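**Student:** Residue numbers (my numbering), protein chains in the order written: chain D, 1 to 309; chain X, 310 to 814; chain U, 815 to 1136.
If you're looking for bench data, these hints aren't it; they were derived computationally from the structure. Please note that the accuracy of each hint is not assured.
As the list claims (entries may be wrong) - Which residues of chain U face chain D? A few of them, derived with a C-beta cut under 7 Å, are:
#1 Ile840
#2 Val958
#3 Pro959
#4 Tyr961
#5 Leu969
#6 Gly1074
#7 Ala1075
#8 Leu1078
#9 Leu1096
#10 Val1108
#11 Ala1111
Unchecked claim - To give an idea of the chain U side of the interface with chain X (calculated C-beta under 7 Å), a few residues:
#12 Tyr1033
#13 Thr1036
#14 Arg1038
#15 Ala1039
#16 His1051
Quantities reported herein were computed from a predicted structural model and do not represent experimental measurements. Every residue, glycine too, gets a C-beta built ideally from N, C-alpha and C.
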Amino acid sequence: MGALAVLVLVIVICLLAPVYAGSVAHVDPFPSNLQGTTIVHGKVTPVLQSNHQGLGLGVTPIGPTWDIHHYFLGADNQGRDVFARLLYGGRTSLLIGSTSALLCCVLAALLGLMAGYFGGPIDWVLSRLFDIVWAFPIYLLAISLSVVLLTSGLQIGFIHIGAGSLLLPIIIIAIVYVPYVARPLRGLVLSLREREFIQAAIGVGASDWRILRREILPNALPSVIVFFPLMVALGMLTESALSFLSIGVQPPNASWGTIINDGLGLLYTRPTVAIAPGLMIVITAVSLNLLGDGVRDALDPKAKLRGSI
Amino acid sequence: MPELAPQPVGGHFEFPDPALLEVEDLHVSFKTRAGVVRAVDGLSLTVGDREVLGIVGESGSGKSVAMYSILGLVRDADVEITGSVRFRGHELLGLSDKEMRDIRGNDIAMIFQDPMTALTPVYTVGWQIAEQVRAHEKTSRRAARDRAISLLAEVGIPDPARRVDSYPHEFSGGMRQRAVIAMALSCNPRLLIADEPTTALDVTTQAQILALMRRLQETHGSSIVIITHDMGVISELADRVVVMYAGRPVEVGLKTDVIRDPQHPYTWGLLGAVPRVDARRQRLATIPGSPVSPLDLPPGCPFAPRCACRFSACDARPPLAVYGTHRDACWLEPGDRARLRAEVAALAPAASRSQAPAPAEAASDVVTSATDRPGTPRSQESGPEPSEPESPASAMATSEESTPTEAASEELGFGGAVDVGAPGDEGASDAAPGDEGAAAPDAASPGGRGPWVPHPIPGVPVEPLPPYPGPTDAWPVEVGPAGAWPSPAPEEDDGEPRAPGEAER
Amino acid sequence: MLSFVARRVLAAVLVLFAISVLVFLIFFATPGVDPAARIAGRSATPQILAQVRHEFGLDRPLPIRYALLMEHLFIKRDLTSYVNIGDKVVPQIMNAAPVTLSLVIGAAVIWLVAGIAGGVVAARFRGRLIDPIIMLAGISAISVPAYWLGEVVNLITESRLHSSVFSWVPAAGYVPMSQGVGQWALHLLFPWLTLAALYAGIYARVLRAELVTALGEDYVRTARAKGLSERRILIRHALRCSLISIVSLFGLDFGSLVGGAALLTEVVFGLPGVGQLTYTSLQDLDLPVIMGCVMYAAFFVVLANTIVDVAYAWLDPRVRRA
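Required output: the full structure, derived from the provided sequences and hints.
**Tutor:** Right, here's the structure in full:
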């Protein structure tokens, strides 16, 4: 329950990003703001301050002011409000995490059910496909796809997805995790198929479609639901890793991963820039994982005994 | 009026001397969120030297839990065990883990129901036997292995020197049970507790395993407590019987006495004397809370809610007392019991005409062993039962599983129609096959879903019988060969070996 | 057992082939993209483009293109980078591999010990205080992005506390074992811990669930009835059976990490391993190197899978006859 509350809180805060940027902080977190100023302790202060030590090259953004109206968490090296970006980045990260998880679960359910129910050549082909994708290091597969797709976008027939589109990371993440969900589902359907009520339905001549929809899907759905929060967490973590390598979310969009990437150069001077989004990721992923455990316990009381917490 | 005070108990069979195991007023209860589950509610029994005690009762009657608590195998943190368990005069309850470990497997060994899962899959059979030997005796690996080989030979595993290195999955079910028995015997235990050792096996194997246990009991001189729901097993192996219901013993006595002259209405049910009656009663059978929930035991006789003969006295808990040849816990006037049982049994023809054919040949041929007889159709499981998704399984099981009533009653809590094989009821038997065919599809209805609707049986007059409101479907028939003991008085010799699941095949 | 191994090896070769085809298709047959321009890099002249087209047979049918690529990779081993002209791909990978192996093997030891210990302790004391503590630690370890954890570790050990507690921590980088095992281990200590954290969390959770399931099995009841000690039941029976799934998990993880999945840790700690190589080649869009790295990765993953299958059969006698 606590996990769910934290998760809802994170989502609500991130959804309120435009409200915060527009009404509270009065900043635009996307364009660079090299000459901007803000108010610290009642004094007008430039957002980027020249380095006075050493050779005086480069600039240092202001650190956290802990003033919710003025650069709460400081600025990044483009002079942008880190806190506002954090909220906007959260929207992107959560959006990618949840939509890729949704897409992944739907695809996996479709393929897993087909493979498990029809068996034979369909099962063989799908299982080998899962094996191959599974055998690939997930990050490398995602990276390969990202590199290829991000340079030019994706063009299939009439459908064109631009290189900067958020759809690309969503699709990539969804695809690489399909075997993760589809393989256990296939196993589940294989065992369901031998159960008496399915046999009975086959016996009275129900159509495959009807059996899949009315008998198999309702029994397989709880497993998919258990997977969903875990897949959101995984999708979010993968997105942040891809963005960290600059092959996930592309500017001007921000995500927690890209903000960490922005903060790398400032790690020793202004660590908040990199640490804050990381903490957000940890908090969100922990609550998603706890939620996943909770959902599993709720749906499978037997698992409660062996459930963790 | 029945005698309220229990009569003093006499006879060598009641307190065998010297007693190997004495259980006195054992209570086992589990604290759950729903309340306190009283699984065993005042069990007392004794096991004499070289004696075979059968404990019979349906699933959930507490018979297994009682034996597990004796051995300290109940590991629930919320369990409370009270009473006294003395093994060769030493109190077992309250022993430390270490002390209990020295007794388990060494002085008291246990065999479990399902041999398919009872052995660790990743070790060879010989390794697992040697492990037990070496847990209790300082022996070399070599010697332990040699012991394993000779034990395997003793339980009838062919080519034991080679099979000692086989993994459990390379054994058939019967062979695995033999290996489990070999393991249990590896330290020459004084007492062997067998928890439904034959339930998971097919009929032929059941007979073989029971014969093996009988033989080993004679050669090793161990006492055996055999837990079962199957009167056939009792008749095959046991010297004395404890019938348990809702965690309490309801009838205790020598096997021959209990089977020839059952006193408790529950035992009548177990022995198949109670008919399946009309549809109105079947609707009563689905009243929630029947069988009694161990969460909410009635203050009086726990069987009263389902008893056809209950009357006002049943609101008080009946003591276990001697009324005839042996002890039972029932308020009925002993003199009335034969008449009441006959009355109950008189309903049998109607029931068997409609539902339970129990062909007369099977009923009268009870003496032959199961392995000799080809199957005789029994409609017990194919009759209508409250449908669940699994119900097609129980319907299918009729022809495949040895004791399908077990499967059915496990699922339904207390299911399984009563099958009555009254001798001489030939007409009823003849009518059976057609009815069976009519009844079967109902149980295996599409999808196995939806509430089961009791249907009137064509050609059978529905007689309301107010004195016997006992719910038929709730009758405790887990007994495989219900037809094997035609009521009221079986003529055959009970000492004759008889396999369980007699009438099934 | 021998025929089992042979069959697994054959299957591995088939999977490798399939993966090479997949790699080939991703890089040479993505719709709407000119592979020559990608291979040649961003600032390629028409001459270079022509050379690339010829070298990879881009004007010829797909199967021949595939054969040519495989020839460059495995037979001639002369696949060259067009970004850093003249850099041969295969030797680069061979130089990077020991770094990655050092990182992954060390981390694997740590996470196996920590994960198995955590899982066993949590299962042994399930329901008590220590159990949820271990499991919460596990969930946290799973939920932390590895690269971010590395950055925070760097921040603490190299900057914030470097002058006090962590003054003994050397600057980030890799020192080969030839310069002394001590320095090698010292440089790798924090990368090991960082990489191991995630996997220790996963393994502890998986193992605990497996153990708790196993402890409810009939064979454990049999073992108790035999009079075995609780410790022996936990270790020799329950853990032994649960290890089967841990081993399969380990094979997959180890293979993919050696194959380059540790790239985030390598990047963060400045270790010139295969992951780092992949990463830089990605930033330069140096396709020949990327292809080489991916094929190398696939090789290790498949190798690890095959070893796992064989270990599986060794651990679980039921699998052998399959």
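**Student:** Take the hints in turn and mark each one as holding or not.
**Tutor:** Here is what the structure says about each hint:
no., hint, result
1, Ile840, "holds, 6 Å"
2, Val958, "holds, 5 Å"
3, Pro959, "holds, 5 Å"
4, Tyr961, "holds, 5 Å"
5, Leu969, "holds, 5 Å"
6, Gly1074, "holds, 5 Å"
7, Ala1075, "holds, 4 Å"
8, Leu1078, "holds, 6 Å"
9, Leu1096, "holds, 5 Å"
10, Val1108, "holds, 6 Å"
11, Ala1111, "holds, 5 Å"
12, Tyr1033, "holds, 4 Å"
13, Thr1036, "holds, 5 Å"
14, Arg1038, "holds, 6 Å"
15, Ala1039, "holds, 4 Å"
16, His1051, "holds, 5 Å"
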